[in-house]
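Visitor: Next come the chains, spelled out residue by residue.
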Amino acid sequence: MRRPIDRLALEMDLGVTWQGEEEACAVCGEEVFRDRITALAASATLSDLFATTRSGEEPTLTAVLQVEDDPGWLLVSTKLPGSAFSALTPQLHLASWYEREILEMHGLMPVGHPGLGPLRLHQWPENHHPMRGQHLETGPLPHSAHTAVRPSVSGQGVFQLPLGPVRSGPQESAEFLFSSGGEDIVEVDLRLGFKYRAIEQLAEGQPAESVIHLAERLAGTSSFANTLAFTRAVERSIGATVSPTDQHARTLLAELERLYNHFGMIGRLAEATGLLVAVAQYGMLKEEVLRAGGRLTGHRYLRGALRVGGMEIVLSPVDRERLRAELADWSQRAARLNRLLEQTSTFIDRLDTTATLLPDYAVEHRLVGPVGRASGIDRDVRRDHPYAAYSSVEFDVPTVSDGDAEARFQVHAAELRQSLRIIRQLLGGWPDQERPEDPPRWSAGSALGWAEAPGGEALHWVELDQNGRVLRWRARPPALVNWHTFAHACGSGNNLTDYPVIEASFAISVAEFDR
Amino acid sequence: MGLELLAAAVACYTLAGLLGLGVLRWRALADLSAAAAIVAGLLAVVSAAFWLGGSHARLSLPITTPIGGLAFRATPLAGTFLLLSGVVGTGISLYTAGYAPHVGGRQVQASLHSLLNLSLLSILVVLAAGNAFTFLITWEVMAISTYVLVTLEFDRPGRPQAAFLMLALSKIGFVAMAVGFIAVGGLRPGVSFTTLSHHPVAAGGLASAAFVLFLFGFGVKAGLVPLQGWLPEAHPAAPANVSAALSGIVVSIGIYGLVLSIITLLPTPAGWWGYLALGLGVVTAAYGVLFSLLVPNLKRMLAYSTVENLGFMIAMLGAALVFASSHHRLLAAAALVVVILHALYHALLKSTLFMGAGCVDVGAHRLDMDRLGGLARRMRWTTMLFFIGAMGLAGVPPLNGFQTEWLGLQMLIRARVLDTPEARVYMAAAGMLLTLTFALAATAYVRVFGGAFLGAPRSKRAANAVEVPLTMRLGMLVTAGVAVITALIPPIGIGGAVASTEGATHVPGLLNALLPPFSLHPAQFALPIQVGGTFLSQILHNNGMVIVPTSFNYAFISPTYIFLSLVCVIALTAGALRLLGRRERRESAVWVGAGSEYRASMQYTATGFTNLFRSTFGGVFRAQRAIERDYHQAPFFAHSVRYVRRMVEPVEAYLYRPTVAVTRRLSVAAGRLQSGHVSLYLLYLVAVFVLVLLVH
Amino acid sequence: MSRWIAKGLATGLRTTRFPDSGVSGEEQAPSAVRLRWQGLSPGQALQAASLCPTAAIEASGTEEAGELRFDAGACILCGRCTRQFPQAFTRVADPRVAVQSRDHLRSTLRWGAGQKPAPASLSAAASAVQLAAQHLFRRSLHIRHVDAGSCNGCESELQMLSAPYADLHRLGLFFTPTPRHADVLLVTGVVTRNMEEPLRETYQAMPQPKLVIAAGACAISCGSFAGGPMTAGPLDRLLQVDAYVPGCPPTPQAILHGLLLALGRATERYRADQEESGGA
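Residue numbers (the working numbering), protein chains in the order written: chain P, 1 to 515; chain S, 1 to 696; chain B, 1 to 280.
What the hints contain is simulated information worked out from the structure, not anything from laboratory work.
Only a predicted model underlies this, so the values are computations on that prediction, with no experimental measurement involved.
It is possible that some hints are incorrect.
To be verified - One-sided excerpt, in silico: chain B residues whose CB lies under 10 Å from chain S:
1. R102
2. R106
3. E197
4. E201
5. P207
Each residue gets a CB set at the ideal place from its N, CA and C atoms; glycine is no exception.
Start from the sequences and build out the full structure, keeping to the hints where you can.
Guide: Rendered as structure tokens:
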């Protein structure tokens, strides 16, 4: 009984080598790369496309694909003889931003890409590619050379409304240039990259255990999930195993993170619609979850808990009992609040048909996370590619197909319930085994790690040398996929007053994208 | 004296017209022509003073026809209109001296000068017309001369059609007017307006028919829905000084015609006359203001605003008729005062605004408000004068528009005295709609002024705007200055309007009812008397500065005191800030989120400002909005986006076009009568001959 | 709508009394780390420096003679040193960790032949320096926050400030969307090169008098991103900073303390090092 990946690879005439049970690697020539990936993407999902450049070596392009009904991943890579390659974007629109990043960071030109332009480095000179080891001189950057609004908007009486990067409250820095005809949104020119910290470059040459702390600071509110994905990538690369107790702890903390994120998201949604009591109630819930996390791990955002091969902390029975009591309280309050919200017409009416992402569009761009699930895409790496202790718990993956803000709210609320359910199950059956104390044994290699962050699947690919130092780290948090469609969602017949609702319902992190 | 001075004014205009023709040979004659026209205007003003004073001079020329002779008379009713013609005419003539070179070449300038003076002349004569025949003849001269003026810039697209529409509707109105005069028995030899006003001939059904004919006949020039279609087309199409004359004087002549024919020539009105006029007037006002909120062209906006103001005037005329039909003569007269006063104020302010639009056209070469902006820095005088006009018509206290709008609404509130509840409800509903209209008008003027003059320039031409020549500014200053003076000193404006109304309706004591001297009501004015002290005692015996809607049980205002207190408050605040405030100053860039640099496109445009009204009232004009994208390969890679808005003008789409289509079909059918066969024509001749024999 | 009002009323009062009273252990995850120099041997000091992923603990020399430099402003609370050497590195539960001078977060230990490590200089006793315009902001302060390249953890904590448990409004502190109305510029994140200019513009757009507060290890010392190619910070390289709030991210109460400290309504409590008998 062949696996779906094997069958697909056979169809595509690709020779596949398996790394463990979950990762299949294939290499192909540059001339056929585009056609193969495009053909594969018809029945599989292209989840990532990135480049690796090292001085003295040919650049490598790697595509990561998820195949239907297979819990494994297919990685197809190719070596580029020159500094250009055939763009996948004309056939696969979702590859657009990946290829733009490849050009910007590595200087590899995707030939035939219809929409090139700076992705994160809006103020930089055009021929400057950071991952090639080039450095700009210190000093303030020249004021944006790319000032043209993209796309250009014309029309009688159309004007621009700039928002950001310094926005209103304590929010992340990103620039949105709205084109409006009055109070409607005609188009949004989205500019991210103000928070570009070159995290992938900083990691190169560092020991993997130190890079864990960088991975924790990739994004604050999905810190644990991204670090988990990175740690698993390292562990899979060196073949380290993790004890069941630690797997349970990892799962529990990941779900705890999901809990406080979703509480926060619904709270922001309520704030966008002016429902201040709901804001306060969800704010209290989020704070209580953060405090629980602080008690359990010593850090409210669950940092410093993971290490390669296990966990730094132990969850004692006392901790677990206390958490169980709190969980019951949270479940009850969340259920009541959710019911109340659904009955509040001033809230639901603002969300209904706002920022609709139709299922076809969502499928074309393969959205991930609750945003994708609210547009009918039934994907969740916890269920489709089980990791940690997820295979030992039962949970549903809620999906709605309307695609509007109300659907996203419903998905988040349903996922809240599922997270609570998962944590309850975990607390019910806690394995009681000793932790192995072996330090990790380093070896050269590369591997993929994944985890379902609150915003969707986070993929991390790591290449290590024989001393455990990171040669290349590719972080693909879910924001990289979902920001694509934000401009489209804004422009689909919404008003400027809908904008806070749109942003709150998407709940995508800027820091994850900018890295 | 009244008619002699008028004759002198006519002579000066004739001279100015002839000198204008001479511009074809010698350019210097243009200034002389303007000077002559200014003198004519001043003479008209002086003669208006006499007319308002109660002159009843009469003049008959020895030319008679079967439908009447050429007779002229001076009346107080026409006095206010003569005043406004004179002032606005002076302003426009001054303005033309500087503006004409920007309109076109030698030939165009010559036409402009001569025809403008001809039309101003004809307006004076219309006001002096003593009988229907004279009235109609001079009215036609006015209509044709203004028509030719509108087509002056005929090579620009859409101009000839606009002028043709104006002419066509004007003809329809003329026919209606003429038939109306026939119905009241005016087109007969020896019957003058004076005799008709003393002994109205028409009665009952004939009077009602005449009312409708007059309403729609004069309603063409007075911009009554559904006959207002030419106004928003022709006024913007004409050069700015002509637009000023059209919107300022010519529409006021339409109002004069309405008042003259309906109030003086017809007997006591029936009840429904007033309701019809009121209803149509309110609809006109709402229609005008809605469009003025949305159109991006500066002149078109002003034209629609004219429609709105005319609607208000006609509505107040209707209110006057309602009061008159239930024998509340004082209230009817007060409502009529509002009509005439608003005509005066509107003429002064709207001509200022149109002249201002002309300045913008000359200085910035653009009239699209969405591409203007920032003119306040580069064209200071134009901005200030335009601002006065805009504030005045927006209804900002203490200026003109506020006074008449307030007084008009007060009159509608007085509908309490009417007998039937339906009447009261109708008047109240009209009042509500008018209030909404005024609020929207204020928004429209904020939009115009803010969009065109304030902010940063949105196009290169706006950024390089230059101030206009001195004469153009002086022309605007004349009309704006007179407007402000009449606003702040009510006895001038209201006094004139009251004199006109008294001449038309013969209701005594109107001035003291509206503008009472303090001595008449010492109890009511106790506080001002205490505060004012000896200064006030000097004017105690004169008509005061407080406007009262004929009864102290309602509100009363004083524009003068509002103005004085505003000045005091501003002066005190400025002084206090000067003394107590700190004088540190630091300049900093515009805050736009610290991302992109500030661009002029990052401010609200005029169209964007009122987009909300487009969606709210979208049903009225089938507003549609479409977003079109140009892209490479897929909409995801859109590189340009176009935002398209479409709008339909209901009267034009649902009334004019079908009417034109039907008429065309009818005329094609009728054309079959002209088959070209001689035998058929002979048959026609015989048939008509037989008919005539039979009838006679 | 009335059900929401009823719900809000039924929930009652949950706000902490901080700073009027201390915080219970329940409320607080550790806000910073403190060095107990007497619990550290030279060998351990050198080991600790190799453990620390940032520049928070640096050591030079040998076991015979050397120096340990501890910088709480670079501490990202990873927990390695507190787990490995709990007798020397303690977690501080008291959220009053904000300081007004960068040096107050630093401590240097020197050891020579045969001697036990001793601090080269005791960090200066905390003192509240009255800033020129503090009296203007005593009752009401408007904060303009700028995210100059953080991971979003600090922003999440700042958003928790508006939640009922911390609630900054009761202290007269408000977030404002425009710098023109702001009194304090609160900066989180290493200052990335892309955010350097926007940060400067925001500072320029604020009227005098104004204060600047650096919140979080990234803003104080660039944390894990120090020396990175996109790092233009730390904040005090670009602007004059009036208060520093250590933490990664700093807890809401710590941020509150930092704000109140800048206003002169609170005093410094934190010391980077302590003697044997020092309390938490």
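Visitor: Evaluate each hint against the coordinates.
Guide: Verification of the supplied hints:
no.: 1; hint: R102; in the structure: 26 Å, violated
no.: 2; hint: R106; in the structure: 32 Å, violated
no.: 3; hint: E197; in the structure: 7 Å, holds
no.: 4; hint: E201; in the structure: 4 Å, holds
no.: 5; hint: P207; in the structure: 8 Å, holds
Hints 1 and 2 from the list above are not met by this structure, while the remaining hints are.
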